[in-house]
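Construct all of the structure, not just a fragment, from the sequences and the given hints.
Quick note: this note's numbering has the sequence shown finishing at residue 287, numbered continuously throughout.
Check each hint, because a few of them may be wrong.
As the list claims (entries may be wrong) - 16 Å max Cα-Cα, derived EDC-like pairs, lysine to aspartate or glutamate:
{"id": "1", "residue 1": "Lys-201", "residue 2": "Asp-186"}
{"id": "2", "residue 1": "Lys-57", "residue 2": "Glu-12"}
{"id": "3", "residue 1": "Lys-38", "residue 2": "Asp-52"}
{"id": "4", "residue 1": "Lys-146", "residue 2": "Glu-135"}
{"id": "5", "residue 1": "Lys-140", "residue 2": "Glu-61"}
{"id": "6", "residue 1": "Lys-240", "residue 2": "Asp-251"}
{"id": "7", "residue 1": "Lys-140", "residue 2": "Asp-65"}
{"id": "8", "residue 1": "Lys-191", "residue 2": "Glu-178"}
{"id": "9", "residue 1": "Lys-201", "residue 2": "Glu-244"}
{"id": "10", "residue 1": "Lys-212", "residue 2": "Asp-161"}
{"id": "11", "residue 1": "Lys-143", "residue 2": "Glu-61"}
{"id": "12", "residue 1": "Lys-212", "residue 2": "Asp-166"}
{"id": "13", "residue 1": "Lys-191", "residue 2": "Asp-226"}
{"id": "14", "residue 1": "Lys-213", "residue 2": "Asp-161"}
No lab work stands behind these hints: they were computed from the structure. Computed from a prediction, not measured in an experiment: that's the story for all the values here.
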Amino acid sequence: MELLNKNLDNIKSDTDLFGNKIEKLSMKDRIGFLPISIWEPDWTTTKQLKEIIGDSAETRGESSYGFQDTQSIFNPHLAQMILSAYCPANSRIYDPFAGGGTRAFIASAMGHKYYGVELRQDEVERIIEKRKKLEKDFHIRVGDSRNFEFDNNSFDFSYTCPPYYNLEVYSELAEDMSNAKTYTDFLAMLKDSMQGVYNGLKKDHLSVWVVGNFRDKKGNLVSFSSDLVKIAQECGFALHDEIIFWGASKAAAQRCGHFQANRKSVRVHEYILIFKK
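Here it is as structure tokens:
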């Protein structure tokens, strides 16, 4: 699939009728879209990529911990867009929250070496079994990204999507950030993982985090994106870029009728935060 060969570093060319080489230098030719500050997925492309990585978008049922596995599925087109625009070709990529597997499969399909860490044993086993069926090549291990050991300055790129505090509870493990007693505790745990990403990246390289602001159980809006920026800066990162990802399906508009009662907008976007070491 041509889309999986897109990368800012790859300049393709054609030959005209006279045998002259014509380089394709436009952003659309090189990464497949215009690098403006609001991104939208192409739903036809999303469907095609889901078929390639074997994503049926079905509910996975209960995990071995007895929790209903309702984990949000990372949009594969978003993964492709991030890698095309921000990740150098043939990179070593680190993902501290590798559950789901979408980022692993897309990175592998695009020729990168992916290394992921996931806390849940059963989730890692599920991804490995799927990896065998799809004959992909990437690394994923069971571990806690807060203290996972690897050589410093060993990765060219990192991208991930962390837990949204207790919006989704993934397991009953004490190390699971979705079980943090308070939001403050959650941020402290997340900072440890962020520090690991910083240590693992090479200097001047990028780490991309996809997050959304959310409402707590009292209905108050939590500015998760701004809190993540503060954490990243405390770890040594600089905020390099920020993208709004409008990735909600059209079905989200059906919830707009509740606005009259609660004066709360329907959230249809996330933030793509790009940090530089």
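* Asked: Which numbered hints does this structure break?
  -> Hint check: nothing fails, all pass.
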